[in-house]
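Engineer: Here is what each chain is made of, one letter per residue.
Number of protein chains: 2
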Amino acid sequence: MELVFLGTSSAIPTSHRNHSSIALKAFGEIFLFDCGEGTQLQMSKAKISPMKINNIFITHFHGDHILGLPGIIQSMAFRGRKNPLHIFGPKGLVEMVNIIRNFGYFSLTFEIYMHEIEDGIIIEAENYRISCSKMNHTVLNFAYSIYEKRRPKFIKEKAIALGINPGPDFGKLQRGIAVKVGDNIIHPEQVLGEERKGRKIVYSGDTTPSDQMLEFAKDADLLVHESTFEGKYGDEAGEMGHSTSVQAAEIAKKANVKRLILTHVSTRYKKSDILETEAREIFENSTVAEDFMQIEVER
Amino acid sequence: MELVFLGTSSAIPTSHRNHSSIALKAFGEIFLFDCGEGTQLQMSKAKISPMKINNIFITHFHGDHILGLPGIIQSMAFRGRKNPLHIFGPKGLVEMVNIIRNFGYFSLTFEIYMHEIEDGIIIEAENYRISCSKMNHTVLNFAYSIYEKRRPKFIKEKAIALGINPGPDFGKLQRGIAVKVGDNIIHPEQVLGEERKGRKIVYSGDTTPSDQMLEFAKDADLLVHESTFEGKYGDEAGEMGHSTSVQAAEIAKKANVKRLILTHVSTRYKKSDILETEAREIFENSTVAEDFMQIEVER
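Protein chains in written order, with UniProt numbering: chain A, 1 to 299; chain B, 1 to 299.
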């Protein structure tokens, strides 16, 4: 599982920080979280093809998180995309995508499925689960969590002892499917070890710090949390529905995450040292994201 | 009069060429022609504030010429702009701006005046005149011309001979206003020399070459003409409503312009040498635009 930061600025872009967008390479797919203006160019610089993206997750409908959508969608159409595209986002998404469909002349060559989300699981796939949870911002905002579903270890010796021959039946049992051996049915739990914890990544979107965030980020391997300002601007951040680096670090610490990446950095910070230093005083494994930074989340 | 090329690519952006947009610094203002995705960032790199733009001219409603508008407009609102913004473009502009108004959550702090244009003069100011003319593209596309209105030379000796004292009356006559000296009324034409030709700049938008373009670009000091492909792809260019470098150069030559700038370059050209070389064989004073290129149009 690898995250590629395509944009790490807050409302206004700079030469070094484009608007919010993060690509996640995992499970043989590329998932896109938020899509600020210029994301298609950032993707091309990062050598990520928009054609490989099947799922886009929008945290909220502020321009710096969505204005790159028309460009990505028109670019997909220009290249003759046929595969459907799924877009997940807060209530209002259907209207927003209809706006995008009518923005300028172009022919859509593929289907767009729009998913207006509410708290809970939004994708339950064989290998992963994606959930969302409402956070506190000036407009409806969702944080997303991506959880890797790891299969329990397959205990070969037990299978052989039960009379199963190495081959397709091993694979079925590994994938949780019962098999028949003579007149006996062998169930997966007879040959599988204990449940294994998969990797978990959480992305906050724009939010003030909250108990909800704390709960949602619990034990994550990686928490990507917004950090618009440094600690001393806590009041200002709160009024604008944002967090400081100190607040993000406190969340990371209390939620017992392994690593914290700070993003959505205000233009006032030409260098992000202050944010990183402050965060590390509270939570050591903190890093401020930069555009095109790649973060591998290992087991 | 200075042009700053903010984007010079065709449909797909590259690391070196962003989507179409050109800023014109003239008459104490900044005029924006087309506004592809990422224009606000290109402007910030070129140190041009969106707050200084009062007039935006759109050639046509293809994404690569318009998708930067929501970002520019929201950015102006974010900075608390109060001055009205005028947007000129083909029929459909009102609907397009209404789409932009509803794209994501933001509060518009200023008025947007939308001008759906037809062939002819669209701004007649004291110092300049802006006109437009329909060209041939796959969708309705207008070329724009910017003409500097120069006042005739003020002949000081004639004024003094007519009994006018140096001072405010000189200025009035220079600006074309009659003045009273004793019982006599002195008219501007009594003290002004011959009409002087002002500078003229023409921007094509996306178009195939045409007699209409030839007529519209006549005697321009600078013609900015699209040149998506090199000469051998004339048929392909024609089918897609575009021009080649050779065709653009032929227009420049026949229209008797002083200088030709080629823009809207296909991604297939990593280097633009071919386009420039071909154009120069027909029209010597040809240059392929690059992002952030500045062109001063001198008298």
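Rather than coming from a laboratory, the hints here were simulated on the basis of the structure.
One should not assume that every hint holds.
Unchecked claim - Computed spacing ranges between beta-carbons, pair by pair:
1. A:R79 - B:F292: 25 to 35 Å
2. B:T267 - A:M293: 51 to 61 Å
3. B:R175 - A:M293: 51 to 61 Å
The beta-carbon is built from N, C-alpha and C at its ideal position, and this holds for glycine as well.
Engineer: Now tell me, hint by hint, if it's right for this structure.
Structural biologist: Hints and how they fare:
For A:R79 and B:F292, the hinted distance range of 25 to 35 Å is satisfied, since their beta carbons lie about 27 Å from each other. At about 26 Å, the CB distance of B:T267 to A:M293 disagrees with the hint of 51 to 61 Å. Between B:R175 and A:M293 the C-beta distance comes to about 58 Å, which sits within the given range of 51 to 61 Å.
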